[in-house]
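2 protein chains.
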Amino acid sequence: MIEVRAAQAGDGALLMLTTKELGSSHGWGADMTAQASDFERDLFCDAPIIGALLAFVDGAFAGSALWHRSYATSRGQELMYLEDVVVLKEFRRLGVAEALLKQVAKTAVNHGYRKVFWLMMEWNSNARRLYEKLGAEIENGNCYCSLHDQALLDLAK
Amino acid sequence: MIEVRAAQAGDGALLMLTTKELGSSHGWGADMTAQASDFERDLFCDAPIIGALLAFVDGAFAGSALWHRSYATSRGQELMYLEDVVVLKEFRRLGVAEALLKQVAKTAVNHGYRKVFWLMMEWNSNARRLYEKLGAEIENGNCYCSLHDQALLDLAK
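Keeping their order, the protein sequence lines are chains A and B.
When we follow the numbering used here, the leftmost residue of the first sequence carries the number 1, and every step to the right adds one.
When we follow the numbering used here, the leftmost residue of the second sequence carries the number 1, and every step to the right adds one.
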């Protein structure tokens with residue numbers, strides 16, 4: 001029995017469980033500085049730019065999706081960027097990711113967004129199968145570019 | 001003489017010039033529904049999620065950068081997503097993109113962001129050269145995934 005609901009005050013500690021799982025699979029190491037209080041602050045401030053959904057299997061926390069408001073220049077309107085979908089290891093292959101994505105779509109429609117987008121690594125064939133089954137369009141050949149920390153400070157000089 | 005400044009009320013019409021140029025190079029066609037009033041509304045509302053920079057060459061509008069607030073789960077803090085950097089055709093190869101990116105970096109630092117990220121197509125070797133020169137890290141092998149319009153409504157059912 002899978003249930004998905006929007007984040008509530010106090011969920012920061014649960015979101016840290018999926019964030020840590022994500023961090024260990026991505027090898028973030030010391031760059032993983034998020035705290036439960038960060039999520040509490042940013043989810044429940046006056047004009048939040050992020051939202052989160054939590055999934056439970058038979059009442060046990062099993063996974064989460066974190067999204068943020070984004071913007072389509074072509075349409076002059078907001079859309080949704082899906083930052084992470086994480087399922088805890090012991091709850092894989094039960095349909096949790098699909099249940100989260102379905103609720104992501106509902107949340108997007110409820111906000112009046114006409115589009116959700118996200119990134120995936122080209123080698124991730126399991127994710128690709130799921131996303132295509134759910135109707136997503138997938139465009140290969142993108143690069144993720146970033147300027148951070150010292151390189152960002154240097155350019156800003 | 002290149003000058004870059006933050007968007008001001010009334011700049012929507014200039015931003016439409018770069019948005020149209022972007023739309024024609026991306027083949028957006030009918031999907032390109034943005035209006036100057038959309039940018040005016042979204043740049044100057046109470047808690048905007050977007051920002052824009054405008055570049056001028058000897059006083060003539062030459063290009064723009066549009067960014068929005070984004071979020072790093074790993075850090076539990078906001079960062080900047082750079083949505084578009086556009087230089088009008090007649091002002092290319094003058095250093096306008098570099099001047100815009102430098103101001104993007106300054107803007108990010110002023111907001112307290114430690115990272116800016118954006119997407120690039122793998123085949124875009126001119127952009128890659130510029131980004132690497134400016135200190136960016138570039139990761140190949142990403143896919144851009146999206147659910148939009150009818151496919152989004154179908155999944156939300």
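Worth flagging that the hints you see were computed from the coordinates, not collected in a lab.
It is possible that some hints are incorrect.
Because identical chains cannot be distinguished in the list, a pair is counted as satisfied if it fits within a single copy or across any two copies.
Claimed, not checked - In silico EDC-like links for lysine to aspartate or glutamate, alpha-carbon gap of 20 Å or less: (1) K115 <-> E83; (2) K102 <-> D149; (3) K102 <-> D46; (4) K106 <-> E137.
Do the hints match the structure? See the list:
1. K115 <-> E83: both (14 Å within a copy, 15 Å between copies)
2. K102 <-> D149: between (36 Å within a copy, 14 Å between copies)
3. K102 <-> D46: neither (26 Å within a copy, 31 Å between copies)
4. K106 <-> E137: within (18 Å within a copy, 35 Å between copies)
Of the numbered hints stated above, the single one contradicted by the structure is hint 3.
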